[in-house]
Amino acid sequence: MLTRILSRRLPGFHDILPVYAVVVFMVYGWTLFTYFRYLHYWIDFLNVSEIFAIFCYSMLADLAESLFILFVLLGICAILPPQFLKDRFVVRGTLAVICVLGSILVFLNDFPDLNDYLLTLLPWTAATIFVAALAAFVSARSGFVARAVMWLSDSMIIFLYIFMPVTALSFVVVLFRNLA
Amino acid sequence: MTGISRRDFLKLTAAAAASLGLARSGPAYKFLSSADGARPGFIILLFDAMSARHMSLYGYSRETTPNLERFARRATVYHSHYAGGSFTTPGTSSILMGMYPWTHRAINNGGLIKRSLAEQNIFSLMGKEYYRAAFAENLWADLFLRQFRSALEDHISPTTFKYLNKTINPFLGLADLPDSDMIYYSFNQFLLTGDGSDPERWPGLPLFGYLDYFRVFGEQNLDAPSQEYPFGVPYNNFYYFKIPQTLPDVAARIQQLAGRFSPIFGYFHLWSPHEPFRPRAEFVDSLPDIPILDKPHHPLASNQLSPAEYAPMVKLYDEYIADVDDGFGKLLDQLTAAGVLDNNYLVVTSDHGQLFERGDIFHSTPLLFDSVIHVPLLISAPGSKTHRDIYAPTSAIDILPTFLSLANKEIPARGEGRLLPGFGGQEDLTRSVFSMDAKYDSAFAPFQQATLSMVKGGMKLIYYLGYAAYPDQVELYNLREDIEELENLRDQLPGLAAAMKEELLTNLTAANNLL
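From first to last, the protein sequence lines stand for chains A and B. Be aware that the first sequence starts at 1, since it is given in our numbering, and climbs by one per residue. Be aware that the second sequence starts at 1001, since it is given in our numbering, and climbs by one per residue.
Isolated chain B, as found in the complex:
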């Protein structure tokens, strides 16, 4: 008799549970069958904190993304694609709303979309013709799915693909209750310890909060180096996961959805390669050493680190990307073999990047240099076998109108995005694309302190609004000739800097006036 392994058993159990879930929600909706489905399906695969600047697909010297390059052979690749913001909240919400953060106002750590606009989310606009399923391993992204829950047939719990709990939190999986976003704020961010964004925040429940500290016993075990994970098992703030399990499980879920419903609209937001960077052993030391540029420290940098200090982090980040890319390769093979890509668009993107320069690291920074906002975007049309490169600047906010157009849906007037070149839009090298960071501002008031960037015609303007340490400063870079953004051309091209600043502020003022 052939034995069944624990892993196989868990997979079967998960598949059975998922099937039951689908069967339960199925009869409530009338979906087109695969045979007569006139509209294409869409699958968005988002890898959190994946910087285009660290991907060999976009010319990085370390070979971090061979599998994404394989996917690119059948996809349209956007070489100048920008996130709406520099961290999860504005980055993700800009994709899901087709608006810049200054309009949808999801700007704070763990913030929500402006309530009066939330109904215009991508799931709602795609309509009930689609079976709309969404999953986010990043809890701040999952907050949006909680906010959009009425537009989702299947809000996949953030704990679905976990390996092991890191914290004691029985409320994490309660994602489908009508008030699930407030339940998240109450229990996950307040009563049972904070979410890690601010160590000075104490748990609101003394005894249960104290007991939650005992999680460190479990944490120590999986954080300890092991043969498989020399830097410990990867985790988000609440649970551990293993990429070689998560991505095939996600692929299986997509396969199930695509096999059962047509058309589908699936959004899968994966935590990796977000920090902590914990590649598997086979990827550690798999990439060559490269020199790290010593850029001058920035007055607003949150840290004062030297290149020697962040070189090991960069290496680990790159190795982690290579690990994620390997998982993506397996997912791609799984979906291709199942024929899912024959009638669905597959989009690979990220909500923001990572930054290791000018003294600062990661993405909790007011700096908006390209490494933290230049993200990948690859789109393969159903059954596509051809490759195309787009070099005109595009933005995360373009995905929503493009999908609506491809799905023959009406594009709301309030959206700020355009159709992506290659999918109904034209390449416009002179177009302006914006990103911003205003995490400490009020979502309900005009911006007081923010960093804004604008890319146009190969030039990039960064404007610092309201920082006492760097008041009303402007930086201007030529991205075509100075990709590392080393030479500030503000004083050499004052007219251009002033014109770009004026355009930026006009947009910002218009957004402030909408309040």
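In isolation and in its complexed conformation, chain A is listed as follows:
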């Protein structure tokens, strides 16, 4: 019964994969970007294997965060009627992910110090959700945007082939460091 409901409400694997690839690209990409910014700090007192260990923990954390984002998206998909998200999951899911994560990255980039959180964090969050919803449900009606988004998400699948093996290797390293 539940399986039948879920299969009716959730998109297929071939639709999930490109959306997840976009999530992976953005999450892993940001982590790598910040990791290299931290390097100059760590390099003063951590050796190469320790800096590599941080990389491995980061990859595993990225896997957790990217799966969390995907499951939230699939959760929304399961709640909403199919025509809202499931039927155009690749386009609408990709746009929502780009808007939400993009907004967060801009926020982290521009507002690292939060003294007036009421004027920044809350409006920013509300605006992000609104823009993501708008982008997902309005822009997807344009054929050009839909084709562009689908091309983009398909192109991102290559990053799964890069980051997933790296994550698997990281898992082995982390396991070894904590069992040794």
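Hints listed in this document are in silico derivations from the structure and should not be mistaken for laboratory results. Mixed in with the good hints there might be a few duds.
Said to hold, decoys possible - Example chain B residues on the side facing chain A (calculated, C-beta under 8 Å, incomplete):
id : residue
1  : 1108
2  : 1111
3  : 1174
4  : 1178
5  : 1179
6  : 1204
7  : 1206
8  : 1207
9  : 1208
10 : 1210
11 : 1214
12 : 1446
13 : 1447
Glycine included, each C-beta is placed from N, C-alpha and C at the ideal position.
Add chain B to chain A, keeping to what the hints say.
Quick look at chain B alone, frame taken from chain A:
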């Protein structure tokens, strides 16, 4: 029926949990019972960032430490005791390693001890005859405990005595995993927001890092003035704590350990009176106003503040010390009543001080004036009822060899400390004692930019190595006649300045050669 308060319930729960923890780890080791314990126990109580210059025990005009003075009646008090460095990392590691920072190389913000030396830490050297327990509320100090985890029977989680979380960080308590130091760097300093040492560092995880920013909602609540805490509840970077709860809980933990195991070696590193200075209401405005000396701004000062600007901070710091001292008084009474001090040494010290002068404040400064490196050291022997004063210069690195000697253990040749006078050592007024700051240098390379200080025979030399704004400069002060370090005698006593500099550089070169 007598009701049980929430506080009592929490205490009982904590005690039960602690007992379970001890019971679990107990059978793995063979410890002497209290009855036949031939070796003395040791308890180190470290108050972070407590400057001796702000303690009435050492002659400060504000009465900040009446309870430490009460403790001093049964203790040996060191009046010229110096930290190894000017902030947590070098200050703490020098105590735990018995070496200067130029040797153990824990010199950076949140740095680690040189891996090849880490096994020579104080816990490891005390050996398995001791039940070794350690707690650090300061996460940079806890990093060392993570590094030494194999030498600890009980690494008490840094969150054990917290009042409330300040940040969302589920990984903070994971202190006992084999790779816990790298877990700390990964999650606490990088992935889930930085640790506050550099606001330009972004969280490595975008969504979880963003969600972590929502901590400000909770933070606002406890940072807001309240009747009990007019400046908000004190916190370290990760959680809030209340001194009237933390110190009795620490005392209860020590009492439990001492009652169950003998001998014990306990290290308890408390965050206060580190900034932010947040005394309880009863201590606010409890101390008189005093004039703040207007010392000339230093070329390397990180700030350009005037005495009028830091006078309120000094007052708040002093009031916070008085608050901490009050908590210490209660801890002392608790331990005394339980008889813990009858068969254990109790040491009170600090890893570094605080500085409010020459335009600069706190301890993230390259300046090494006495306020930031002159720290308290009081040691009471088991059952001691007598007081003794030591005026010869001593260093944080002396604690390790002294304890090893008192415990009938071998002192490693590589250590740089001496036996403390009063506990096997002799008072040597001509001895050289060093402190240093090189937080932006590499731990793996010869020093390029550092401040080094040397105290000898009542004179103090400060040497500034490699600063573009103050290149190769030397300052020389007579601490006996000029305690405020106002008159630079470098040009009046060039021979002495050159000789002291040469001795300092000889030591530094020898340490660089060990790399």
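The hints, checked one at a time:
no.: 1; hint: 1108; verdict: holds, 4 Å
no.: 2; hint: 1111; verdict: holds, 4 Å
no.: 3; hint: 1174; verdict: violated, 10 Å
no.: 4; hint: 1178; verdict: holds, 5 Å
no.: 5; hint: 1179; verdict: holds, 4 Å
no.: 6; hint: 1204; verdict: holds, 5 Å
no.: 7; hint: 1206; verdict: holds, 5 Å
no.: 8; hint: 1207; verdict: holds, 6 Å
no.: 9; hint: 1208; verdict: holds, 6 Å
no.: 10; hint: 1210; verdict: holds, 5 Å
no.: 11; hint: 1214; verdict: holds, 7 Å
no.: 12; hint: 1446; verdict: violated, 13 Å
no.: 13; hint: 1447; verdict: violated, 12 Å
Checked against the numbered hints above, the structure violates hints 3, 12, 13; every other hint is satisfied.
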